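Start from the sequences, fold in the hints, and give me the full structure.
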Amino acid sequence: MATPRLYVMIPTDADTVVVGAREIKSRFSSEIGAQGLSDQIKVIETGSFGPSNAGVIAAVQPDGVVYGNLTPESVGEIVREHFCKGRICGRFLLPREYPPTVEQATDARHTQAAGRIVLDNCGRIDPDSIEEYIATDGYEALGRALTEMTPPQVVETVREAGLRGRGGAGFPTGLKWSFCAPVQADRKFVICNADEGEPGTFKDRLIMEGDPHKVIEGMALCGYAIGASEGYVYIRGEYRLSVERMRKAIEDARAMGLLGKGIFGTDFDFDIEIKLGAGAYVCGEETALIESMEGRRGVPRLKPPFPASCGYLGKPTNVNNVETLATVPAIVRNGAAWFRGFGTENTPGTKVYTIIGHVRRPGLIEVSAGVTLREIIDEYAGGMSSGTFKMAQLGGTAGDVLGPEMLDVPMDYDAMQKVGHVLGSGAILVMNQTVEVADFLDSCMRFFRHESCGSCNPCRNGLQVLGEIVGRLKKKNAYPGDIELMEEVCMTLKSAAFCPLGQSPASPLMSALRYFRPELAAAVDPRRERPRTQRVRLDLVELAV
Amino acid sequence: MKNLEELRKIREEVKKSMSMRDGAHRGKIVVCMGTCGIAAGARETMNAFMQALDERGISDIALTAAGCAGFCEQEPLVEVEIKGERPVRYGHVDAAAANRIVEAHLVGGKPVGDLVFG
Ligand SMILES: Cc1cc2nc3c(=O)[nH]c(=O)nc-3n(C[C@H](O)[C@H](O)[C@H](O)COP(=O)(O)O)c2cc1C
Ligand code: SF4
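Chains as they are written, first to last, in numbering that gives the first Met the number 0: chain A, 0 to 544; chain B, 0 to 117.
For the record, the hints were derived by calculation from the structure and aren't laboratory data.
Please read all numbers here as calculations on a predicted model, not as lab measurements.
Where is the CB? At the ideal position from N, CA and C, for every residue including glycine.
Keep in mind that the hints are not guaranteed to be accurate.
Stretches of chain B that chain A covers, calculated by requiring three or more beta carbons in the stretch to come under 8 Å of a beta carbon on chain A [claimed, not checked]:
#, stretch
1, 62–76
2, 92–102
Think about it this way: if two alpha-carbon atoms lie no more than 25 Å apart in a straight line, the pair counts; the simulated SDA-like pairs of lysine to any residue are [claimed, not checked]:
#, chain 1, residue 1, chain 2, residue 2
3, B, Lys14, A, Asp127
4, B, Lys15, A, Glu130
5, B, Lys82, B, Val115
6, A, Lys314, A, Glu76
7, A, Lys493, B, Lys14
8, B, Lys109, B, Glu54
9, B, Lys14, A, Asp136
10, A, Lys473, A, Pro403
11, A, Lys493, A, Arg359
12, B, Lys27, A, Gly85
13, A, Lys473, A, Ser454
14, B, Lys15, A, Ser28
15, A, Lys473, A, Arg526
16, B, Lys8, A, Glu139
17, A, Lys84, B, Thr34
18, A, Lys84, B, Gly26
19, B, Lys14, A, Phe263
20, A, Lys247, B, Glu5
21, A, Lys84, B, Ile57
22, A, Lys84, B, Glu5
23, A, Lys84, B, Asn98
24, B, Lys82, A, Gly63
25, B, Lys82, B, Thr34
26, B, Lys1, A, Glu76
27, B, Lys15, A, Phe263
28, B, Lys1, A, Arg143
29, A, Lys84, B, Arg99
30, B, Lys27, A, Glu76
31, B, Lys15, A, Asp125
32, B, Lys8, A, Thr265
33, A, Lys84, B, Lys1
34, B, Lys27, A, Ile87
35, B, Lys1, A, Arg300
36, A, Lys474, A, Asn460
37, A, Lys84, B, Arg42
38, A, Lys84, B, Leu3
39, B, Lys8, A, Gly334
40, B, Lys15, A, Asp38
Okay, here's the thing in structure tokens:
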């Protein structure tokens with residue numbers, strides 16, 4: 000087939016499919032066919048390249064034009080006017096707050112400078128085509144690692160690159176691999192954590208939907224490095240399109256011999272299977288995830304032993320986040336020094352964020368680690384959509400609330416830690432002055448109460464108490480002493496809850512107190528007296544703890 | 000997959016067919032595809048350009064359509080714009096002319112004098 004002169008690239012991710020991306024795609028095909036242009040113009044599906052809330056999008060290349068909020072009618076006009084006659088249909092272009100061209104949309108000033116490492120193919124290649132992934136240097140890293148590097152060299156490269164886990168905690172990936180690599184066992188496992196239960200985080204979904212082979216290549220590299228030949232992707236069941244794309248990608252990789260036996264003519268075998276999660280937040284925690292994979296209820300295990308020595312089926316297991324694994328191929332291909340050219344000393348590379356809330360351009364971005372929150376809001380997300388900045392929550396519901404004082408802190412793991420915060424999984428929820436802190440905390444607490452697995456007492460009861468307090472703060476009829484009690488229960492949870500789920504409600508609550516104590520204190524009604532039943536209950540909590 | 004060479008071969012092949020995805024080009028060919036152009040055979044011209052570029056493996060030239068430029072009697076009308084040079088307009092470009100333009104202007108760097116219009 001001749002090289003098409005024009006590409007219509009339609010990002011189909013779960014959000015755009017819901018608003019009709021697939022229908023728009025077939026409409027494009029039929030309109031183009033009707034004009035007799037089928038052999039000149041190719042319509043392909045891609046992953047998201049960033050914007051959300053813009054309906055069905057179509058990027059037209061090489062013209063560098065992006066249409067948004069497409070309807071079947073607009074498709075006809077675009078084909079007749081733009082594709083046949085070269086007249087760009089201005090009124091269907093992506094709304095003004097979005098950059099007008101693909102180059103700008105995908106390579107906003109900073110991303111251009113920083114380069115996209117993880118999302119470089121999202122929106123640019125057909126995720127269902129293994130050939131297109133290969134054309135963008137895909138599987139080159141795997142090929143070179145298998146034929147030119149020893150497993151310890153791969154571990155060393157990742158360690159030297161300073162890659163830190165993108166699943167939330169920022170644990171050094173090379174170090175994690177070096178724990179698992181030397182353990183002798185008949186079977187070892189690589190698990191890709193694609194549970195992504197943190198509210199507001201959807202980066203892993205968009206990575207899998209936009210560039211599934213990158214995740215597969217990263218898993219295979221990890222398998223080679225630690226000596227595992229079996230991989231699992233644990234995807235939450237709601238991620239239907241991710242599952243579809245990953246499944247197809249795995250099949251294609253197998254068909255080409257990039258998974259399976261004797262990859263690249265070496266004696267390295269590696270294959271991947273998909274496991275579906277059933278949508279429990281706690282199953283994102285690696286040991287609960289493993290329990291769930293083994294067919295049991297998703298309850299965290301006591302650590303140690305860590306999965307590196309005793310994980311899935313009691314065998315050495317390495318669990319990494321989707322984004323972490325998707326970063327690995329570029330590191331192996333380009334070297335540790337190259338990777339260290341991005342980001343900061345302690346957090347090299349880039350970070351993928353999903354930014355939502357009161358910003359003009361919500362969506363998916365990849366920025367150099369260490370860029371400040373202010374820059375992210377103003378330059379990547381187009382600024383506030385309305386009002387003034389009041390607070391942002393980093394890393395989803397289990398994340399910290401940041402006040403305006405923190406707008407200029409570099410967003411890397413250590414700088415955040417230095418000011419007492421955690422960078423988290425990559426969600427940024429921006430809120431303006433219309434949001435009441437107690438309202439916001441109330442929805443956080445409802446989430447935790449819903450997701451607590453209930454197996455340990457401090458979490459089960461503590462969340463109940465915290466939920467009630469926040470509920471009163473919201474209604475502005477809190478009892479005197481409620482705030483102090485909230486702090487105490489938070490501290491108790493932090494020290495006594497069995498797993499990080501029970502420990503994490505303290506993050507939003509305590510950080511909100513740090514910045515907005517006067518606002519919360521104003522919700523205390525000094526005339527109210529705590530009823531006797533409450534006091535009894537509290538004694539019970541204390542006893543239980 | 001037996002070895003890296005095999006992988007790289009696939010890569011080079013597919014890369015070529017994806018070349019039109021990016022905005023970075025040294026120039027473009029604009030074929031006027033108004034009703035007048037199409038009536039005069041602009042479709043064949045467009046196909047001829049696609050084939051000519053493909054055959055020569057030229058991947059840094061974009062090929063786009065435009066509407067009627069107002070010189071209907073010169074159709075099929077084609078404009079070649081190389082970055083940093085003055086655009087050149089050609090009239091009555093049929094398949095053979097398209098091949099000459101690609102060979103002389105895009106590969107050789109010299110506009111085809113006898114086809115130039117205006
Ligand atoms: C309650 C809870 C939920 C978690 N959810 C996820 C998740 O959805 N995805 C994820 O990658 N890690 C999640 N984690 C972190 C994992 O336990 C684990 O640290 C991570 O997958 C390791 O990958 P990394 O080193 O690549 O970051 C969660 C942890 C906790 C405590
Ligand atoms: S802290 Fe909460 S989620 Fe974790 S084990 Fe205890 S009850 Fe379950």
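Against the structure, the hints:
1. By the rule of at least three residues with a Cβ nearer than 8 Å to a Cβ of chain A, the coverage given for the stretch 62–76 of chain B holds, with 6 such residues.
2. For a cut-off of 8 Å, the count of residues in the stretch 92–102 of chain B with a CB near a CB of chain A stands at 0, and the three-residue condition is violated.
3. A distance of roughly 16 Å separates the Cα atoms of B:Lys14 and A:Asp127; the hinted pair therefore holds under the 25 Å criterion.
4. Our distance criterion of 25 Å between C-alpha atoms is met by B:Lys15 and A:Glu130, whose separation comes to about 12 Å.
5. Pair hint B:Lys82 plus B:Val115 holds up; C-alpha atoms about 18 Å apart against a cutoff of 25 Å.
6. For the hint pairing A:Lys314 with A:Glu76, the CA-to-CA distance comes to about 59 Å; that exceeds 25 Å, so the pair is violated.
7. About 53 Å separates the Cα atoms of A:Lys493 and B:Lys14, which puts this hinted pair outside 25 Å; it is violated.
8. Distance check on the hinted pair: B:Lys109 and B:Glu54 sit about 19 Å apart at the alpha-carbon level, within 25 Å; holds.
9. Of the supplied pair hints, the one linking B:Lys14 and A:Asp136 holds, its CA atoms being roughly 10 Å apart against a limit of 25 Å.
10. At roughly 22 Å between alpha-carbon atoms, A:Lys473 and A:Pro403 fall within 25 Å of each other, so this suggested pair holds.
11. The suggested pairing of A:Lys493 with A:Arg359 is violated, with an alpha-carbon distance near 36 Å, which exceeds 25 Å.
12. For the hint pairing B:Lys27 with A:Gly85, the CA-to-CA distance comes to about 13 Å; that is within 25 Å, so the pair holds.
13. Of the pairs offered as hints, the one joining A:Lys473 and A:Ser454 is violated, with about 28 Å between alpha carbons and a cut-off of 25 Å exceeded.
14. Among the hinted pairs, B:Lys15 with A:Ser28 is consistent with the structure: their alpha-carbon atoms are about 23 Å apart, no more than 25 Å.
15. Restraint check for A:Lys473 and A:Arg526: satisfied, since their Cα atoms lie roughly 17 Å apart, inside the 25 Å limit.
16. Distance restraint check for B:Lys8 and A:Glu139: the Cα-Cα separation of roughly 12 Å lies within the 25 Å cut-off, and the hinted pair is therefore satisfied.
17. Pair hint A:Lys84 plus B:Thr34 holds up; C-alpha atoms about 9 Å apart against a cutoff of 25 Å.
18. Restraint check: the Cα-Cα separation between A:Lys84 and B:Gly26 comes to about 19 Å, which is no more than 25 Å; the hinted pair holds.
19. As the CA atoms of B:Lys14 and A:Phe263 are separated by approximately 21 Å, the hinted pair is consistent with the 25 Å bound.
20. Distance hint between A:Lys247 and B:Glu5 is fulfilled; the C-alpha atoms sit about 22 Å from each other, no more than 25 Å.
21. Pair hint A:Lys84 plus B:Ile57 holds up; C-alpha atoms about 24 Å apart against a cutoff of 25 Å.
22. This hinted pair does not check out: A:Lys84 and B:Glu5 have alpha carbons roughly 41 Å apart, beyond 25 Å.
23. Using a Cα cut-off of 25 Å, the hinted pair A:Lys84 and B:Asn98 holds, with the two alpha carbons roughly 22 Å apart.
24. Only pairs whose Cα atoms come within 25 Å are accepted, and B:Lys82 paired with A:Gly63 is accepted, the gap being roughly 16 Å.
25. Using a Cα cut-off of 25 Å, the hinted pair B:Lys82 and B:Thr34 is violated, with the two alpha carbons roughly 28 Å apart.
26. At roughly 48 Å between alpha-carbon atoms, B:Lys1 and A:Glu76 are farther apart than 25 Å, so this suggested pair is violated.
27. For a cut-off of 25 Å, the pair hint linking B:Lys15 to A:Phe263 stands: about 24 Å separates their Cα positions.
28. For a cut-off of 25 Å, the pair hint linking B:Lys1 to A:Arg143 stands: about 12 Å separates their Cα positions.
29. Taking the CA atoms of A:Lys84 and B:Arg99, the gap is about 24 Å. The hint holds against a cut of 25 Å.
30. This hinted pair checks out: B:Lys27 and A:Glu76 have alpha carbons roughly 24 Å apart, not beyond 25 Å.
31. The hinted pair formed by B:Lys15 and A:Asp125 meets the criterion: a straight-line CA distance of about 15 Å does not exceed 25 Å.
32. Between the alpha carbons of B:Lys8 and A:Thr265 the distance comes to roughly 19 Å, so the proposed pair stays at or under 25 Å and holds.
33. Only pairs whose Cα atoms come within 25 Å are accepted, and A:Lys84 paired with B:Lys1 is rejected, the gap being roughly 47 Å.
34. The suggested pairing of B:Lys27 with A:Ile87 holds, with an alpha-carbon distance near 16 Å, which does not exceed 25 Å.
35. With a CA separation close to 42 Å, the supplied pair B:Lys1 and A:Arg300 exceeds the 25 Å bound.
36. In summary, the hint linking A:Lys474 to A:Asn460 is supported, as the alpha carbons are separated by about 21 Å, within the 25 Å threshold.
37. Restraint check for A:Lys84 and B:Arg42: the C-alpha separation of about 12 Å stays at or below 25 Å, so the hint holds.
38. This hinted pair does not check out: A:Lys84 and B:Leu3 have alpha carbons roughly 44 Å apart, beyond 25 Å.
39. Proposed proximity of B:Lys8 and A:Gly334 is supported: the alpha carbons are some 23 Å apart, at most 25 Å.
40. A hinted pair counts as satisfied when its Cα atoms are at most 25 Å apart, and B:Lys15 with A:Asp38 qualifies at roughly 16 Å.
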